[in-house]
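K.L.:
For the sequence shown, this note's numbering gives the first residue as 886, with consecutive numbering after it.
Just so you know, the hints here were simulated from the structure itself, not pulled from any lab data. Take these hints with a grain of salt, some might be off.
[Stated by the list, open to error] Okay, the calculated beta carbon distance ranges per label pair:
1. P927 with I1065: 15 to 25 angstroms
2. A1101 with A1000: 13 to 23 angstroms
3. A1000 with G1097: 33 to 43 angstroms
Ideal Cβ placement from N, Cα and C applies to all residues, glycine included.
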Amino acid sequence: MAHPYWPLFDLEVRTPRLTLRWPDDELERRMIEVALAGIHPPETMPFGVPWTDLESPDFERSALEHYWSNRMARPDSWNLLFAVIVDGEVVGSSNIGAHGFPVRRWFETGSWLGAPYQGQGLGRELRLATLHLGFLGFDALMAGTGAYTDNAPSLGVTRSLGYEHNGIQHHERRGELAVIERFRMSREHFDAHVRRDDVELIGDGPVRELLGVSRADD
């Protein structure tokens, strides 16, 4: 049954391998449990905000605050978080966000997988699913992403999909300088080299209305 007031609760992206689902309270709890079990070795930090350095219960409370704050969505600024689900099991999270999207038509993506689910091609599959939502669901013109230079898995996914390099950024990470590589993908490249016909979007129409996004066939 469709949610009567907030269509994001009905938003899904389905591929043959996984589902991205906008999370309710139960899915958020399961996402936190996956993150608590481990995402990366403690000596590394793949995230711009080092949220995995927090100890319990601050870890769990901070994660919930982050999830709840991102339930807000306005046409000028939004960041949609998704639970990544494989065979009914939550394995990680993906997000798609934008500022000034109705004019700029540019979105950014990010994601993480629990350690037991890495190295199985799921990172590439969930990135592809997120790109389908941005380009086909929201009619974007450009997608952006980035990763620290020592985050080989993320950079590998990005390069395998044919993103164009888009410069670097200097960041402070745990008190030291770190470099993020930036990348972008055009709608033309997506249509020619990435788009698949086995990816299904569920509930994207009402979400477009919520976000002030129009598409030619609406």
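K.L.:
Run every hint past the structure and note whether it holds.
P.N.:
Right, here's what the structure says about each hint:
1. The hint said 15 to 25 angstroms for the Cβ distance between P927 and I1065, and at roughly 21 angstroms that hint holds.
2. Evaluation of the 13 to 23 angstroms hint for A1101 and A1000 yields a failure: the beta carbon distance comes to about 42 angstroms.
3. One distance hint, 33 to 43 angstroms for the beta-carbon pair A1000 and G1097, holds here, with the actual separation near 38 angstroms.
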